[in-house]
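Visitor: Input sequences plus hints: build the corresponding full structure.
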Amino acid sequence: MRIIRETWVLFIHYEKLLIRNPFWILAALFQPICYLYLFAPLLKNVVGVTGDGKVSSINMFTPGLLVMVSLFGVMFVGFGMIDYMRSGVIERLRVTTASRLALLLGLVIRDVVTLIAQTIIVILLALPLGLSISPLGIILTLFIMILIGLCMAPVSYALALTVKSEDALGPILNFFSQPLLLLSGVLLPLTLAPAWLKNISMFNPLKYVVDASRAIFNGDISNAVVWHAYVLLVGLVILSFWWGLSCMKKATE
Amino acid sequence: MTNDGGDNAVEMIVTKDLCKVFKNGKNTVEAVKNVNLQVRQGEIFGFLGPNGAGKTTTMRMLTTLMTPSTGSVTIVGYDLSRHAKQIRQKIGYVSQKGGCYEFATGYENLVLQGRLYGLSKSTAIENADQLIKSFEMEEYCHRKVLTYSGGQRRHIDLGMGIMHNPMLLFLDEPTTGLDPTSRSTFWNQIKILQDKGITVFLTTHYLEEADSLCNTICIMDHGVVVAEGTALELKRQIAGDIIVIGMDQIYFDQAKSLLRTRSDIKETLTMENTMKLYVEAGEKALPEILPLLVEAKIPIKTVEMNRPSLDEVFLRKTGYSMRNETAKVLGQ
Numbered sequence: 001m002r003i004i005r006e007t008w009v010l011f012i013h014y015e016k017l018l019i020r021n022p023f024w025i026l027a028a029l030f031q032p033i034c035y036l037y038l039f040a041p042l043l044k045n046v047v048g049v050t051g052d053g054k055v056s057s058i059n060m061f062t063p064g065l066l067v068m069v070s071l072f073g074v075m076f077v078g079f080g081m082i083d084y085m086r087s088g089v090i091e092r093l094r095v096t097t098a099s100r101l102a103l104l105l106g107l108v109i110r111d112v113v114t115l116i117a118q119t120i121i122v123i124l125l126a127l128p129l130g131l132s133i134s135p136l137g138i139i140l141t142l143f144i145m146i147l148i149g150l151c152m153a154p155v156s157y158a159l160a161l162t163v164k165s166e167d168a169l170g171p172i173l174n175f176f177s178q179p180l181l182l183l184s185g186v187l188l189p190l191t192l193a194p195a196w197l198k199n200i201s202m203f204n205p206l207k208y209v210v211d212a213s214r215a216i217f218n219g220d221i222s223n224a225v226v227w228h229a230y231v232l233l234v235g236l237v238i239l240s241f242w243w244g245l246s247c248m249k250k251a252t253e
Numbered sequence: 001m002t003n004d005g006g007d008n009a010v011e012m013i014v015t016k017d018l019c020k021v022f023k024n025g026k027n028t029v030e031a032v033k034n035v036n037l038q039v040r041q042g043e044i045f046g047f048l049g050p051n052g053a054g055k056t057t058t059m060r061m062l063t064t065l066m067t068p069s070t071g072s073v074t075i076v077g078y079d080l081s082r083h084a085k086q087i088r089q090k091i092g093y094v095s096q097k098g099g100c101y102e103f104a105t106g107y108e109n110l111v112l113q114g115r116l117y118g119l120s121k122s123t124a125i126e127n128a129d130q131l132i133k134s135f136e137m138e139e140y141c142h143r144k145v146l147t148y149s150g151g152q153r154r155h156i157d158l159g160m161g162i163m164h165n166p167m168l169l170f171l172d173e174p175t176t177g178l179d180p181t182s183r184s185t186f187w188n189q190i191k192i193l194q195d196k197g198i199t200v201f202l203t204t205h206y207l208e209e210a211d212s213l214c215n216t217i218c219i220m221d222h223g224v225v226v227a228e229g230t231a232l233e234l235k236r237q238i239a240g241d242i243i244v245i246g247m248d249q250i251y252f253d254q255a256k257s258l259l260r261t262r263s264d265i266k267e268t269l270t271m272e273n274t275m276k277l278y279v280e281a282g283e284k285a286l287p288e289i290l291p292l293l294v295e296a297k298i299p300i301k302t303v304e305m306n307r308p309s310l311d312e313v314f315l316r317k318t319g320y321s322m323r324n325e326t327a328k329v330l331g332q
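Chains A and B are the protein sequences, given in the same order.
With full-length UniProt numbering applied, the first sequence closes on residue 253, and no number is skipped along the way.
With full-length UniProt numbering applied, the second sequence closes on residue 332, and no number is skipped along the way.
Just to be clear, a hint being listed does not mean it is correct.
Unchecked claim - Okay, derived cross-link-like pairs now, DSS-like style, lysine-lysine, Cα gap no bigger than 25 Å in a straight line:
| id | chain 1 | residue 1 | chain 2 | residue 2 |
| --- | --- | --- | --- | --- |
| 1 | B | K97 | A | K249 |
| 2 | A | K164 | B | K16 |
| 3 | B | K97 | A | K16 |
| 4 | B | K23 | A | K164 |
| 5 | B | K144 | A | K16 |
| 6 | B | K97 | A | K250 |
| 7 | B | K16 | B | K284 |
| 8 | A | K250 | B | K85 |
| 9 | B | K33 | B | K23 |
| 10 | A | K250 | B | K23 |
| 11 | A | K16 | B | K121 |
| 12 | A | K250 | B | K26 |
To be verified - To give a feel for the contact side, a few chain A residues facing chain B, derived at Cβ under 8 Å:
| id | residue |
| --- | --- |
| 13 | G88 |
| 14 | V95 |
| 15 | A98 |
Unchecked claim - Cβ pair distances, simulated, as ranges:
| id | chain 1 | residue 1 | chain 2 | residue 2 | range |
| --- | --- | --- | --- | --- | --- |
| 16 | B | V29 | A | E15 | 55 to 63 Å |
| 17 | A | W242 | B | Q38 | 22 to 30 Å |
| 18 | B | S149 | A | A168 | 40 to 48 Å |
| 19 | A | I121 | B | V29 | 46 to 54 Å |
Derived from the structure by calculation, the hints contain no laboratory data.
In this text, a Cβ means the ideal position worked out from N, Cα and C, and glycines have one as well.
Guide: Written out as C-alpha cells, the structure is:
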C-alpha cells in the first residue's frame, strides 16, 4: 500500500516537472514526424515492402516507426538520472524511508506515460497518410509500447547509475541502439534482407516486437508472433526491473 | 544498549571498530580503520579532518548509504545492519550538494520530502509551512530552487533534512562556500535545532565553527580517529604556549641544534620559513631563546607567541594546517 502511495507521489511530481517544460516531449516527436512525412512516402514505390500488395506501405512502416520512437524516447532517460545523481537528489532519496522500488517506478511510469502520449500522436499523424488500424489494434499496440517502456527505462537508469557519467552513457547507448534498430526491420522489413542478415536478426529481441507490431496493425492479431512478443517482453521487463532495482539499492557504493 | 531500538536511547550513535575497505582491482584502500564513536543525545558533534581522512565515508555508513566492511554501528538504538529502515525514519541527512529538485520550488521539495517519509499530505503541508516560517523562507519558497542564492539553498536543504522531525541530523560540510553572514545565521539555526532536542552530527572545515558550535570535536586522519573531546580538552592537550619564529629555511638545522639542550621545548615543528616551538611557559622561555639565536647570527624576521588554538591541535594531530585545507576546498 505504502509503495503505491510513494510511487504515485513521485510520479505526480515528475509529471508536474515535465509538463512545466513540455519542449522535450515535442522535440522527441520531431524525429518520427520527419520519418512519417519525409521517408514513408518513398516506400510506396519500393517493390517488396508491402509483400503481396494487400497491405499499404504506411501500415507497414508505422508499426516499425513506433518501435523506434519507443526505443529512442526511453533509451536516453538515463541522462536525467545522471543529472539527479550529480545534484545529490538520488542520495537524498536513498536516505528517506521510501521504498527503492517506488524511487525507480516513479520515474519509469512517467517515461511510460510520455511514451503512450507519443504513440497516440504518431498514430493520429499517420491516419491522414492512409493508415488503417482497428481500436483493438491500437490497444494491443499500446500494450506493446508500455512493455517496451517498462523494459527500456530501468535498463537506461541502471546503466546511468553504473557508469555515472554522460560521457560514458551516450556511446554505450549508441553502441547498442544502432544494431538493435537496423536488425529489427524497423525501416524496411527484413523480408528484403539476404539470408545471413536474417539469421543475425533472429537474435534481436526487437525483431520479434516489430513483427508482432506489424501483425497487429494489419489485423493479424491471432498470429503467434503477437503472443510470442508479449511473453518475450514480459520476461525482459522482469529482468530489467531486477537490474534497475539492484542498482538503485546500491546507487552510491 | 539493546539491539531492538527505541527512542529512549541516550547514545544516538555508537560505533565499534567500524571499518571500510575499498577494493579496486588488486588495490585495497582502508578508508576507515577501527573507528569508535559515541554521540550523546542533544549534543552537536563536530567531525574534522583533512580531505580524504575518511569523514564522508564514515558519514555515509552512519546514514545507511554505504555498508560497513566490519564493525558494528548502533544509531538511535537500532542496529545498522538489521534495521536500516527504522534508522532512516529517525535520522535526517543533508549532503554537501543538498539534493533538491532544482526545477521544483522549495515548497514543493519540502512537501514531497515529507510525503516520502510517510507523512500524510496535510501533515507534510503543515510541517512545510512551519519550517518556511521559522527559517524565514516566505519570500522565495515558491520560486524554483535553481534560482536560490547559496544561503537560501542551505536553508531549504536544512529544512529538507528535518521535515520528518528526526532525532538525529547529519550535516556534511553545511557551511562550505557560504559568506560569513549566512554562516552565522546557519549556526544560529543549528543551535535552535539543538534546543529542540535534535542531536547534530556535522563535518566541517572551519575550526571556528567547530570551536563555537560543537560540544564534542572529533579529529580524523588517514581513516583513524586521532583526537576527541571538547574544544577546551583538546586545547589543553597542547600544554603551554607556542612560539613562532620567522626565519629562512637554511637556518632551521642550526637553530634546532642550538635549542636542543632546552628541556622546556617539547616539540619543534618547521614549516616554510617559520619554526614553531611548543614550550611550557612562553613568557619565560622567549627572552632566553631569542638571545641564543641572535648570538648565533641567525636573522630573525618575526616573532609571535600564541596560546594554543584548535588549529594548533589540528596541526599537531594530523600534520596539516586546517587553514590550508580550507583554502584548498574553497579553491576547488
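Visitor: Any hints this thing doesn't respect? Which numbers, in order?
Guide: 2, 7, 16, 17 and 18
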